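Protein chains: 2
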Amino acid sequence: MGMVTEAMHGVGGSEPGAFGKRIMELAERLAQWSESLDGLTCTYLSPAHRSVAAEIRNWMREAGLITEVDEVANVIGRYAAAGPAARTLIMASHYDTVRNAGKYDGRLGILTALVLVEHLKRIGRKLPFHLDVIAFSEEEGVRFSSSFLGSRPVAGRFDGKLLERRDADGHTLAAVMRDAGLDPAKIPALARRREELMGYLEVHIEQGPVLLEEGLPVGIVSAIAGSVRSTVTITGTAGHAGTVPMARRHDAAAAELVLYLEKRCAQAPTLVGTVGQLAVPNGAINIIPGRCELTLDIRAGDDATRDAAVSDVRAEIGRIAARRGVSFKSTEVQRTAAVRCSPRLQSLLADAVARAGVRPRHLPSGAGHDAMMFDGLTDVAMLFVRCGNGGVSHSPREIITAEDADMAARVMLDAVLRLAETS
Amino acid sequence: MGMVTEAMHGVGGSEPGAFGKRIMELAERLAQWSESLDGLTCTYLSPAHRSVAAEIRNWMREAGLITEVDEVANVIGRYAAAGPAARTLIMASHYDTVRNAGKYDGRLGILTALVLVEHLKRIGRKLPFHLDVIAFSEEEGVRFSSSFLGSRPVAGRFDGKLLERRDADGHTLAAVMRDAGLDPAKIPALARRREELMGYLEVHIEQGPVLLEEGLPVGIVSAIAGSVRSTVTITGTAGHAGTVPMARRHDAAAAELVLYLEKRCAQAPTLVGTVGQLAVPNGAINIIPGRCELTLDIRAGDDATRDAAVSDVRAEIGRIAARRGVSFKSTEVQRTAAVRCSPRLQSLLADAVARAGVRPRHLPSGAGHDAMMFDGLTDVAMLFVRCGNGGVSHSPREIITAEDADMAARVMLDAVLRLAETS
Numbered sequence: 164m165g166m167v168t169e170a171m172h173g174v175g176g177s178e179p180g181a182f183g184k185r186i187m188e189l190a191e192r193l194a195q196w197s198e199s200l201d202g203l204t205c206t207y208l209s210p211a212h213r214s215v216a217a218e219i220r221n222w223m224r225e226a227g228l229i230t231e232v233d234e235v236a237n238v239i240g241r242y243a244a245a246g247p248a249a250r251t252l253i254m255a256s257h258y259d260t261v262r263n264a265g266k267y268d269g270r271l272g273i274l275t276a277l278v279l280v281e282h283l284k285r286i287g288r289k290l291p292f293h294l295d296v297i298a299f300s301e302e303e304g305v306r307f308s309s310s311f312l313g314s315r316p317v318a319g320r321f322d323g324k325l326l327e328r329r330d331a332d333g334h335t336l337a338a339v340m341r342d343a344g345l346d347p348a349k350i351p352a353l354a355r356r357r358e359e360l361m362g363y364l365e366v367h368i369e370q371g372p373v374l375l376e377e378g379l380p381v382g383i384v385s386a387i388a389g390s391v392r393s394t395v396t397i398t399g400t401a402g403h404a405g406t407v408p409m410a411r412r413h414d415a416a417a418a419e420l421v422l423y424l425e426k427r428c429a430q431a432p433t434l435v436g437t438v439g440q441l442a443v444p445n446g447a448i449n450i451i452p453g454r455c456e457l458t459l460d461i462r463a464g465d466d467a468t469r470d471a472a473v474s475d476v477r478a479e480i481g482r483i484a485a486r487r488g489v490s491f492k493s494t495e496v497q498r499t500a501a502v503r504c505s506p507r508l509q510s511l512l513a514d515a516v517a518r519a520g521v522r523p524r525h526l527p528s529g530a531g532h533d534a535m536m537f538d539g540l541t542d543v544a545m546l547f548v549r550c551g552n553g554g555v556s557h558s559p560r561e562i563i564t565a566e567d568a569d570m571a572a573r574v575m576l577d578a579v580l581r582l583a584e585t586s
Numbered sequence: 164m165g166m167v168t169e170a171m172h173g174v175g176g177s178e179p180g181a182f183g184k185r186i187m188e189l190a191e192r193l194a195q196w197s198e199s200l201d202g203l204t205c206t207y208l209s210p211a212h213r214s215v216a217a218e219i220r221n222w223m224r225e226a227g228l229i230t231e232v233d234e235v236a237n238v239i240g241r242y243a244a245a246g247p248a249a250r251t252l253i254m255a256s257h258y259d260t261v262r263n264a265g266k267y268d269g270r271l272g273i274l275t276a277l278v279l280v281e282h283l284k285r286i287g288r289k290l291p292f293h294l295d296v297i298a299f300s301e302e303e304g305v306r307f308s309s310s311f312l313g314s315r316p317v318a319g320r321f322d323g324k325l326l327e328r329r330d331a332d333g334h335t336l337a338a339v340m341r342d343a344g345l346d347p348a349k350i351p352a353l354a355r356r357r358e359e360l361m362g363y364l365e366v367h368i369e370q371g372p373v374l375l376e377e378g379l380p381v382g383i384v385s386a387i388a389g390s391v392r393s394t395v396t397i398t399g400t401a402g403h404a405g406t407v408p409m410a411r412r413h414d415a416a417a418a419e420l421v422l423y424l425e426k427r428c429a430q431a432p433t434l435v436g437t438v439g440q441l442a443v444p445n446g447a448i449n450i451i452p453g454r455c456e457l458t459l460d461i462r463a464g465d466d467a468t469r470d471a472a473v474s475d476v477r478a479e480i481g482r483i484a485a486r487r488g489v490s491f492k493s494t495e496v497q498r499t500a501a502v503r504c505s506p507r508l509q510s511l512l513a514d515a516v517a518r519a520g521v522r523p524r525h526l527p528s529g530a531g532h533d534a535m536m537f538d539g540l541t542d543v544a545m546l547f548v549r550c551g552n553g554g555v556s557h558s559p560r561e562i563i564t565a566e567d568a569d570m571a572a573r574v575m576l577d578a579v580l581r582l583a584e585t586s
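If you read the protein sequences in the order shown, they are chains B and S.
With our numbering, the residue at position 251 of the first sequence is 414, and numbering never jumps.
With our numbering, the residue at position 125 of the second sequence is 288, and numbering never jumps.
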């Protein structure tokens, strides 16, 4: 009981609702930096992205943290332990966004950690471990079609080949980094060592409707779904739209594949499949489409369920192609294994949630998160925060309440203090 | 019998195969002007398009024609009758192309007419009517999403509102014309008067497989299908690809509509339906598509068959939208009535085809042609030439043989001479 009391005391040192109020204010301030005039867009190393990094670093400095911007533009603020030999707890998420994004995806996790250490500093509470707040520079994969550019190096998972990737303007990642004053040669040195880490915690919006429907402000992530992503090119026979009888046409037709994916992915509860991009290159209103390019994203709470669907979809592609006399080319561009969150850290979070008077709800994450990169390197856990508007995200309609943000910060503070007492 | 003999004599004045050989050579020379490095693209008033016009005008001059480039960049060459009060027979087609086009779509009709008047000039054969060879500047509708920009003014069907249309760079048609030294204010004066016209003849590649399958070099067009073109925008709910259960999603899904169109348009022999453009604006591999934009092109040999299909497709759009909880917006952007070719001119062509030793085959055109613009103004007729490669067009794989081109020129010469004798 003594430990619980002390933990509650720590949380109680801040005015009720103050965490949530500050998180919402800071999220608004970050959202003012955008590379587009309409809506929020903040992709890797754009001017808006650099400004957001500078803002976050300033706030970390004001909170008394030891700050640095590393060689991939992650912003790191250390709330240092008394002894330099202490291990490190990472609390992190990302500050880049998709195009026309919401204000909380990624940033909520950074800001929750920030207000937490601001509080610790204010009440003069030292921890027996370093608490590193990391604002990862890239997670969404927008600019270079590769996700986790910020967290990969820190987790020691950065493949040097990524440096040759090009953005839509043809610039390589390496060149874009050098232009921003970053040195790609120093990336390997960013990798954290297993023995120095205590664990990895991430707060993130749920990006789905579960907590909203169940009336819960927060939930504990049980596992993070892995995705298999592919690009598919369908090649048929172009021709004049008016002159080839329907029975003799070979349209580069994607429709059957799209409908099959939808039907197949409705067959298991956590399974989802998406065609997020689809285009007819050089198409014209009066030309039979000769080529169609599309993307497939298939996910599930466990890899077996997902892989069975991927396999069925690929087989169906072959059947459709044979029946229609067209050719398909499918290329797997990304495969991420599902990650199980640490039972120990899930319990830590669940206990803190229960102490806050909320029923602990464990739920899987359909979205990928930076936390995945740390799987196998250290224990990982995540706290989800309820979304409004039916759970929409990756959209300007993405919203959360200040009350829920406050709850998340208090739960995390409680958990961190509990960890301090038990570690 | 005397008239037949004289007509055959006129044709015989040229070396066998010479027409076809020259048509193929000139088509190659025109195909060297392209606005793209890979493949043939020649859209309205591009530098390549201006060069093609200059080439054609030179050839017309060398053939002794009275030439002009009119205010919409049509190239006109008149083989004048002895008396200035004579009426005019137009032989025409277009010199613009789609993107990544073939060499014969449009240009074959211009070159067939050109070699025909070169021959008349060579043998010193005068006609009792003016023969105007017109190379229309625009038929495909690529640059301004509006077809027949060349033939509309000549047929008196140019709507001044078209001048405000913009190309992909945002330039209006009026501005682009002025930059090219053309005066939009003079367009109305290009309209031909009903009483001055004798008829309109156009040679064109079939752009389909019928003549190829039946082993016929040429065929006589019975009617030109009219098309109804629409753009459709589907608006669903964007969201994260991993976090929304399949049953709760509202993808901006076009697939059911595409498959319905395909099925419905297979229900009548001359009916065809095409989705030539389809895109997910701002789509990303990991985002549920929130919007999809596509085009519909529906045609048939008669308007009743076509309109029944258009009506069914629109009703189905409503059903799909209601079932999926998404909204559709359908906008009709073009409606062209089917055109019946003149029975008198069809007979004229059929007789010439028969005299050339070929079975006269009448067939409908699924494609729209400049000839349509002259419907109601004067009698129109068309001669189709067999395509190779399964009938493909609007593609670099579009081919014809020199023998078939030669046959088309000889048939047209014979028909024109017959017309000269009977008019």
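Since the hints were made in silico from the structure, they are not lab data.
Check the hints yourself; a few may be wrong.
A pair holds if it fits inside one copy or across any two, identical chains being indistinguishable in the list.
Straight-line Cα separation of at most 25 Å, SDA-like style, residue types lysine to any residue; simulated pairs [to be verified]:
no., residue 1, residue 2
1, Lys289, Asn221
2, Lys492, Pro559
3, Lys349, Thr494
4, Lys284, His334
5, Lys492, Asn552
6, Lys284, Val521
7, Lys284, Gly553
8, Lys324, Arg482
9, Lys492, Leu422
10, Lys492, Glu419
11, Lys289, Arg454
12, Lys289, His413
13, Lys324, Asn552
14, Lys426, Arg329
15, Lys349, Asp201
16, Lys492, Ala442
17, Lys426, Arg357
Quantities reported herein were computed from a predicted structural model and do not represent experimental measurements.
Hints, verified against the model:
Proximity of Lys289 to Asn221 under the C-alpha cut-off of 25 Å is restricted to the intra-copy arrangement: shortest distance 21 Å within a copy versus 89 Å between copies. For the identical chains of this complex, Lys492 and Pro559 are inter-copy neighbours only, at 22 Å across copies versus 34 Å inside a copy, given an alpha-carbon limit of 25 Å. Taking CA atoms no more than 25 Å apart as the test, Lys349 paired with Thr494 passes in neither setting, with 31 Å inside one copy and 55 Å between copies. In this assembly of identical chains, the alpha carbons of Lys284 and His334 never lie at most 25 Å apart, being 42 Å within a copy and 59 Å across copies at closest.
In this homomeric assembly, Lys492 and Asn552 come within 25 Å of each other (Cα to Cα) only across copies, at 24 Å, whereas the closest approach inside a single copy is 38 Å. Neither within a single protomer nor between protomers do Lys284 and Val521 lie at most 25 Å apart by alpha-carbon distance, with minima of 27 Å and 97 Å respectively. Proximity of Lys284 to Gly553 under the C-alpha cut-off of 25 Å is found in neither arrangement, the shortest distances being 37 Å within a copy and 77 Å between copies. For the homomeric pair Lys324 and Arg482, neither the shortest alpha-carbon distance inside one copy (35 Å) nor that between copies (49 Å) is at most 25 Å.
In this homomeric assembly, Lys492 and Leu422 come within 25 Å of each other (Cα to Cα) both inside a single copy, at 18 Å, and across copies, at 21 Å. In this homomeric assembly, Lys492 and Glu419 come within 25 Å of each other (Cα to Cα) both inside a single copy, at 15 Å, and across copies, at 23 Å. Proximity of Lys289 to Arg454 under the C-alpha cut-off of 25 Å is found in neither arrangement, the shortest distances being 62 Å within a copy and 51 Å between copies. In this homomeric assembly, Lys289 and His413 never come within 25 Å of each other (Cα to Cα): the closest approach is 69 Å inside a single copy and 49 Å across copies.
With identical chains, the CA atoms of Lys324 and Asn552 are never at most 25 Å apart, being 40 Å at best within one copy and 43 Å at best between copies. Taking the shortest Cα distances, Lys426 and Arg329 never come within 25 Å of each other, neither inside one copy (35 Å) nor across copies (41 Å). Taking identical chains as interchangeable, the C-alpha atoms of Lys349 and Asp201 are never at most 25 Å apart, the minima being 36 Å within one chain and 42 Å between chains. Proximity of Lys492 to Ala442 under the C-alpha cut-off of 25 Å is found in both arrangements, the shortest distances being 15 Å within a copy and 19 Å between copies.
In this assembly of identical chains, the alpha carbons of Lys426 and Arg357 never lie at most 25 Å apart, being 43 Å within a copy and 59 Å across copies at closest.
Hints 3, 4, 6, 7, 8, 11, 12, 13, 14, 15 and 17, counting from the list given before, are not met by this structure.
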